[in-house]
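Colleague: Chains D, U, W and G, in that order, are what the protein sequence lines are.
If you use our numbering, the first sequence corresponds to residues 6 to 160, in order.
If you use our numbering, the second sequence corresponds to residues 6 to 160, in order.
If you use our numbering, the third sequence corresponds to residues 18 to 103, in order.
If you use our numbering, the fourth sequence corresponds to residues 18 to 103, in order.
In case anyone wonders, no lab produced these hints; they're calculated from the structure.
Fair warning: there could be bad hints in the mix.
What the hints assert, rightly or not - Covered by chain D, according to a simulated footprint, are these stretches of chain U (three or more residues, beta-carbon under 8 Å):
no., region
1, 32–41
2, 107–115
Claimed, not checked - Covered by chain W, according to a simulated footprint, are these stretches of chain U (three or more residues, beta-carbon under 8 Å):
no., region
3, 50–59
4, 139–148
Said to hold, decoys possible - For each label pair, taking beta carbons as the anchor points, the in silico distance ranges come out as:
no., chain 1, residue 1, chain 2, residue 2, range
5, D, 157, G, 93, 20 to 30 Å
6, W, 55, D, 157, 52 to 62 Å
7, W, 72, D, 11, 40 to 50 Å
8, U, 147, W, 43, 54 to 64 Å
9, W, 72, U, 97, 23 to 33 Å
10, D, 134, G, 61, 55 to 65 Å
From the three backbone atoms N, C-alpha and C, an ideal C-beta is built for every residue, glycine too.
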Amino acid sequence: MDAQIKVAIQNEDFDVAREIESLTRGRGDVGALVTFTGLCRDEAGTLEALELEHYPGMAEDEILRVAQQAAARWPLLGATAIHRYGKVLPGENIVLVIATSPHRRAAFEAAEYIMDYLKTRAPFWKKEHRRDGSVGEWVEAKDADDSAAERWEQA
Amino acid sequence: MDAQIKVAIQNEDFDVAREIESLTRGRGDVGALVTFTGLCRDEAGTLEALELEHYPGMAEDEILRVAQQAAARWPLLGATAIHRYGKVLPGENIVLVIATSPHRRAAFEAAEYIMDYLKTRAPFWKKEHRRDGSVGEWVEAKDADDSAAERWEQA
Amino acid sequence: MSALKLSYFAWVRERIGRPGETLTPPDDVKNIGELIEWLSRRGEEYAYAFENAKVIRAAIDRQHVKHDAPIAGAREIAFFPPMTGG
Amino acid sequence: MSALKLSYFAWVRERIGRPGETLTPPDDVKNIGELIEWLSRRGEEYAYAFENAKVIRAAIDRQHVKHDAPIAGAREIAFFPPMTGG
Chain D
6 MDAQIKVAIQ NEDFDVAREI ESLTRGRGDV GALVTFTGLC RDEAGTLEAL
56 ELEHYPGMAE DEILRVAQQA AARWPLLGAT AIHRYGKVLP GENIVLVIAT
106 SPHRRAAFEA AEYIMDYLKT RAPFWKKEHR RDGSVGEWVE AKDADDSAAE
156 RWEQA
Chain U
6 MDAQIKVAIQ NEDFDVAREI ESLTRGRGDV GALVTFTGLC RDEAGTLEAL
56 ELEHYPGMAE DEILRVAQQA AARWPLLGAT AIHRYGKVLP GENIVLVIAT
106 SPHRRAAFEA AEYIMDYLKT RAPFWKKEHR RDGSVGEWVE AKDADDSAAE
156 RWEQA
Chain W
18 MSALKLSYFA WVRERIGRPG ETLTPPDDVK NIGELIEWLS RRGEEYAYAF
68 ENAKVIRAAI DRQHVKHDAP IAGAREIAFF PPMTGG
Chain G
18 MSALKLSYFA WVRERIGRPG ETLTPPDDVK NIGELIEWLS RRGEEYAYAF
68 ENAKVIRAAI DRQHVKHDAP IAGAREIAFF PPMTGG
């Protein structure tokens, strides 16, 4: 199955409806479409914004590799991954992953796989700007994210 | 966590973007949003349409029960499930499930859980209308769907 | 027992030839399985609909039940094939 | 060895005080771990950035590598903390 793969790293917001459309329009083979949207939380009102730094070039490369691995592992018809950089406000979108397949299980698993590996492999870093005017710490990586990715290696 | 739950059984198509909006607008606590869209496949061009019959009243009740069970099991902020009935053409939407949570794993698992149980518990039946003019068979239930739902009971 | 509203869906409905009806089963029909047996004796169309009784699903007052569920107190009982939504 | 383009990200960049630079390490610096040690000796800002060397991630020509990866032939080497995207 030849999957339609799109990866984008961009400052501006994405349009989920348009991305869904571009994976489904004019075709009758998509039975299941799963989207994941990651949003910026306000941390109980203490967060002013997240600043997302990335490694241009490598970010695209890594996410593309992850999407291609997903397409090799599951019968995907399409995979889209869009990650924003720069300042993101609470309630705004950070990342979008879409997987399409004839079958629902494949679409669910592939979308979750792409997100798990994107978190541990794509070179992005978040810094917190606090409501009180202070520039907070760099967000620390979570062990849970590593183990989320590792479970795909046992499976 | 009090989840915002919406269940709808309708003939008309749904608008994924609008349903996403209604679970995220004006709030900063949603960190993860997963959508599942089930679409009508054309079965290699042989399918004219699917006809979806349902049991009014019970269909809403069962899907609501499933969504509430998901909200009791995972820390959900919202859950939406919309299922169409009547004639659906290849490429058109059949079902939409959305789960929102502070955390991605919960949103993924809850959306998949709702879909798995919706398939085995919600009283809907699909009949195939073929391109050659014949009214095909009622779609047969798959054992795989039962086992997909059962795995949540072992976990 | 009192009158029961019966509803049929999908190929159960097609085989019986109607979407539902109101019937009053005799008092010795105590559960879903016995109701299916009693209906099957009512005519060819019922016998055809219920020929493979073990695949038939049932709901009492819009809740899934097994074939050993008692029907006492039920207002509406529905019969249908395994579901294929989603 | 020849000149290497070095790139720094997130708090590695902040601690070193620049986004990158071009340096020519001595010939006995063979792998990422040795490059980190050599950089750490260049000044306080480097020592601070690499004080907990085992958490530092590295990429050679935009591919993740471990600290024992040889740097021969590398054009661009990047150092950064564990990633927190998504």
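Colleague: Compare the structure with the hints numbered earlier in the document and write down the numbers of the violated ones, lowest to highest.
Modeller: Numbers 8 and 10 - these are the hints that the structure violates, sorted from lowest upward.
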